[in-house]
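> Listed here are the chains, written in short residue letters.
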Amino acid sequence: MHHSQVSEHATTTGIDHRKMLIWVFLGSECMFFGSLLATYLIYYGQSLPGTPTPGEILDIPTTSVSTFVLLMSSLMMVLAYSSISRGNVRNFRIWILCTALLGSTFLGFQIFEFTEFAREGLTPKTNLFGTTFFTLTGFHGAHVTVGVIWLLSLFGYSFKGDLTKDGGVNVDLIALYWHFVDVVWIVIFTVVYLIGITNAVHNAHG
Amino acid sequence: MASIAGALRRPTSPTGLWRWMTTVDHKKIGVLYGVSSFLFFLFGGLEALIMRVQLARAGHDIVSPEVFSQLFTMHALTMIFLGVMPLSAAFFNLMVPLMIGARDVAFPRLNAFSYWVFLFGAIVLQSGWLLGGSPNVGWFAYAPLTSSSFSPGNGMEFYIVGLGILGISSVAAALNFIVTIINMRAPGMSLMRMPVFIWMTLITSFLLITAFPVITVGLIELYFDRTFGMNFFNSAAGADVVLWQHLFWVFGHPEVYILILPAMGIVSEVLPTFSRKPLFGYPVVVLSGITIGFMGWAVWSHHMFTVGLGPIANSVFAITTMSIAVPTAVKIFNWIATMWGGSISLKTPMLFAIGFIAMFVIGGLSGVMHSVAPADAQQQDTYFVVAHLHYVLFGGSIFAIFSGIYYWFPKASGRMLNDRIGQINFWLVTIGFNLAFFPMHFLGLDGMPRRQYTYQSEMGWDLWNLVSTTGSLILAIGILVFLHNFFRSLRHGEIAGNDPWDGRTLEWSISSPPPEYNFATIPTVHGRDAFWEEKYGHDGMNVPASVEASNATEEGHHGIHMPSPSYMPMIAAIGLSVAGYGLIYHFAASVVGACITLVAIFGWAMEPPAEPTE
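Protein chains in written order, with numbering that gives the first Met the number 0: chain A, 0 to 205; chain B, 0 to 613.
By construction, these hints were calculated from the structure, which means they are not laboratory data. Beta carbons are placed, not taken as given, at the ideal position from N, Cα and C, and that holds for glycine. Misleading hints may appear alongside valid ones.
Said to hold, decoys possible - Which residues of chain B face chain A? A few of them, derived with a C-beta cut under 7 Å, are:
1. 79
2. 177
3. 184
4. 212
5. 466
All chains should be built: construct the whole structure from the sequences, respecting the hints.
Okay, here's the thing in structure tokens:
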């Protein structure tokens, strides 16, 4: 079995198949989030007058904290990968649990945010802002959820199998996915939250 | 978890049906793709024949307007998503590893997963016929006709869930082929030494992974509107229903190239082989393919010239559409130049390839007519468009697919398809096809609208409609002749041998059908048309060398470990379709389906690459 592993590594480019797969897959995901974001932007400011607007609903301080939490989870992910590539499984387990924990905290923030918005009168059915906002951020949340399940699966697997083989490529895959989901959130936070609020402030003054 | 994994231990050498259901061998998966998509192709053809019989005479009432609407919608969906795309996938599966000198694709189980997801997605899409009505809004499904008030019932749900699942299959397969082609080429096969078919597969795969997420988002938005009362396409809430058209055609136009680029790849292999000349201007053909792939993203609004996007948008898209004809025409001239001065052998694959060029030129020319926005305003929604799209999709894609079947059947089965019956097959299909679709140009210019279940005799469309229906019946006979040839040749066909056509590419260097591991020793490639050079030397003047030597050693397979079969891909796909039906009927089933898929994925990740044999 070890021999077949070695021969599998003789790829044309020298890059592991799985790693190339995840890169191309993330390219595909860019189109997915790009389309959701395009829908949001096309409908930005198009909601019927008198319905909730981003400026009234979005809560920048709270979401800044959850954004910080998600960014820190990426740092934990880096530490987890660094541990496994140095063969330190014990530290890897600590860092990967931290990553999953911070990811779950982000999801907790999102659930809190969604229920809070619903209480303030914004649901997916309310207006175009509600429809596009919940769909875009909801699908991001679904991606974080998949990531958390994946992280915990690897945590469990670390007791059973050997994650250090092939330079820790199994951890590298989730790391790439996790950072991607993180970057998508940075785009969403910038476009939906920061720009949304800036425009609201601008309109209030002008 | 562990007990489930234990019960479904990786099978080592299953037999009979299980052998096919658990296979991860790219050649078997290719056959599965080919057989199932050809069955769907026949089904889509049957839908077309019913419509043609209905339209044979003015005022016919073979089918009701309601059924007719379902027929034209499902005919398009069947032919595009269950016919041409998976038939292309069959060739990708069968030929890509053989042509790049690999033993399998990069992810054999993912490959099996793609097939089963395709099959179950196709069943979900088609099950509307039995479960209360198929979608009836056209394959483009424009909002707001698709909203729950205008399209009650489950028809649209079969469309949404079916296409969603098929998208997962296409993206998974495309990811696999991208990694396979970039990462598993034989030593020496640089990108510019790859066969053109491999290039077109690569470009098509990139189009698939970028185009399908866009339609997926459109489908999700439509589903949310219908199921949860959201507002994506609800103009009462200020929504713009043209958003659907943009999302659909941003996907839909690259999709057109997803359908035609593999066909261009096939004829780029067939023409040089039967002209005994290298492909004329190989780098230009490759670059034209890449250019088409990029420009395919910049022409989508030519489907929307009459929507009212304004003169600027219409002009821009008219110009980009006219420009995309340039790389396409470049390819056509290259194919013609390939034949020029060659010693042409008019076997059936070659006939279909030449037929492809001729038919595709006609379809391309009417396409350039459509790109003129004011002219398109006249042609929009008439039979002229039906004529155009069938000349590129049938005259283009299907002709090339037949060419590919006749060309590669010997490699896949070990036997030749009968050439005499093949010639009859070709002429019946060609005559029938032209009789069926050429008159539609006249009907369209005369104003006959598409998607109408009947017409009045006073309109003067009776004659050409009758001609068209007659042509479609001749075409159907041509397809039956093919089926006869196929089944006859499977048993009684002439034994093919390794290299029946004096081929140019690596797949002809191994036995027919190839052994499970394809290449006993991975070949080293020294140039384009690697096998031809091996046989005849670089300038084509050398005495044929003994090429069998490299492959003759059957003992060579000792020590080649191929991945074992697996249940997991099929189980994961079953979970997806259960989840899909859950989205239509009850969310509880979705949860169950998602759990099945999750368990299968865990089983997949945990099972060893091969069951230990010692």
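> Which numbered hints turn out to be false for this structure?
Violated: hints 1, 5.
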